[in-house]
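Trainee: As a plain string of letters, each chain reads:
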Amino acid sequence: MSNILIIGDSPLAAEMAALAGQAGHTALAYLFNQHGPESSPLANIPLWLQETADSLDLIVEAVVSSRLLKQHTIQRLSDAFVGANEPILTAALNASVAEVSQWTAHPANVVGWAALPPLGDAEVIEVAASIRSDPVMVSRAQEFLASLGKEPALVNDSVGGVLPRVVANLVNEAAFALMEGVASAEDIDQAMKLGTNYPHGPLAWGDQIGLDQIVGIMAALGESYGPDRYRAAPLLNRLVQAGMWGKRAGKGFYDYPIE
Amino acid sequence: MTIQTIGVLGSGTMGSGIAQVAAQAGLAVILYDVSDDMLGKAISQIDTQMKRAVEKGRMTEEQAWGVVGRISVTTQLADLKPCGCVIEAAPEKLELKQALFQELDSIVNLEAILATNTSTLSVTQIGAGSAYPARVVGMHFFNPPPLLPLVEVIGGAATSEATIQATLDLARQMGKTPVRVKDVPGFIVNRVARPFYLEGLRLLAEGVADYATIDKLVRGGGRFKMGPFELMDLIGLDINYAASHSVYNAYFQEPRFRPSLLQQRMVESGQLGRKTGKGWYDYNA
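Quick mapping for you: the protein sequence lines, in order, are chains V and X. First residue of the first sequence? That's 18 in this note's numbering, and the numbers climb one at a time after it. First residue of the second sequence? That's 235 in this note's numbering, and the numbers climb one at a time after it.
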């Protein structure tokens, strides 16, 4: 059993914290919904968090909506918490592991992970090592995911990973189709579930993942590969700008009653 | 007006599947093809399926006879006269489809709907073959039609609202779930699904992971029934490649839809998937 710090703006962070707790780890979660780097959530590290600095065994980061925010978060984490011994699992959804490793004092400790909500459904979670990752840190990352009952699958370091890259592009294409008035949101989702057996309609899934997260993934892919192919649908940008990030915000492509 | 008799043009996989669906829903079906041979094969295939359904207890013998009995076949287009709707499932050639609809104009009555099952051509363009494009509509079934519940109902630029509504009703009458779609390349499914294959292919081309790992992550990480490479093998790499190609060109070479060189090479080498015994995976082993 380990002491795990989980930090992020992604629903993945909350789901990861719940899983780690169920698996018997001591999971400390620092979750936020910040959009934009102006107000780094770690500008003032809360006291309870400061007090854990020496006892942490592993850190999981899932800041996906903004790359700058991710950088600030990783830098602050590194300054405040990371010694030579703790692996940092960074969500490779919106940056390469190599890039994130350069934001810390211990590049060899950074290992990538990638998955999508709902995390409870996932049997396999991807793990990515950068050119600089220490194999010991990679093993510890794999062991941690295995302790959650998930099979770790090793992939090469690449922005967006495998599953998030595929699904973000599906959500984006569905958003383009909706924006162009090809069909209603309900009909687009229905068509993809019935016509090609997808587990979720892409628009409803986008709401669950978080539209800010989808835009974060698309923006990072655009920066990596050029924006031609990975342009976010203007409708997606507009929804995020309007604070309609999906389920968490109560509004996205669909409306969600706030409980 | 409830439609009682429908015509189906073309007795390939899609045509015979659509005929079966309609007959199972209690409609009288006139199945047309230029080839007697093809018609014979289609009927015996439907017959086999019905017998299997009886064996498995999904249908009584009487019901099965009823389905087969409601389908008549012809090689004469003029025999489609009594049809309230004709669903065209001929090969994907624009001139052929336009010519069929032009000929049907003088055969069926003016209220009859002319539906095309095209998956890659524009419904608007096919409709231009008819003197009455307001009654031409897209009715896109998925393969195999008896199993997949979805039908995309596509209104072309000249299709009337009444035609669209009647087609949505017909699809429901046939036990299907219709969705209403505008006439854009790939409609909903073939368009929105493109990234599933194309991003999978790009990940492979970039060496992020091998095809089996990509499939495993998409299946096991995202709860898809199949990963992109397994699904390409099932669909046929040639069919899947042609679909990407057609959507790419129809959208004026939109970079999001750019086809994959890796996939092209597979098609060129005749590794088309399950149907050839080898695609991304080897099915002979």
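Because the hints were derived from the structure by calculation, they are not lab data. Where hints are given, some of them may not hold.
Said to hold, decoys possible - Using 25 Å as the maximum straight-line C-alpha spacing, the simulated DSS-like pairs for lysine-lysine come out as follows:
| no. | chain 1 | residue 1 | chain 2 | residue 2 |
| --- | --- | --- | --- | --- |
| 1 | X | K416 | V | K210 |
| 2 | X | K509 | X | K327 |
| 3 | X | K450 | V | K210 |
| 4 | V | K264 | V | K210 |
| 5 | X | K327 | X | K315 |
| 6 | X | K327 | V | K210 |
| 7 | X | K290 | X | K327 |
| 8 | X | K512 | X | K416 |
| 9 | X | K275 | X | K327 |
Trainee: Each of the hints needs a verdict: does it hold here or not?
Mentor: Hints versus structure:
1. For the hint pairing X/K416 with V/K210, the CA-to-CA distance comes to about 19 Å; that is within 25 Å, so the pair holds.
2. The hinted pair formed by X/K509 and X/K327 meets the criterion: a straight-line CA distance of about 23 Å does not exceed 25 Å.
3. Taken as a hint, the X/K450 and V/K210 pair is honoured in the structure, with Cα atoms around 20 Å apart against an allowance of 25 Å.
4. Between V/K264 and V/K210 the CA atoms are separated by roughly 19 Å; this keeps the pair inside 25 Å, and the hint holds.
5. Under the criterion of a C-alpha separation no larger than 25 Å, the hint pairing X/K327 with X/K315 is consistent with the structure, at around 24 Å.
6. A distance of roughly 29 Å separates the Cα atoms of X/K327 and V/K210; the hinted pair therefore is violated under the 25 Å criterion.
7. About 39 Å separates the Cα atoms of X/K290 and X/K327, which puts this hinted pair outside 25 Å; it is violated.
8. Between X/K512 and X/K416 the CA atoms are separated by roughly 37 Å; this puts the pair beyond 25 Å, and the hint is violated.
9. Note on X/K275 and X/K327: the hinted pairing holds, with a Cα-Cα distance of about 23 Å set against a maximum of 25 Å.
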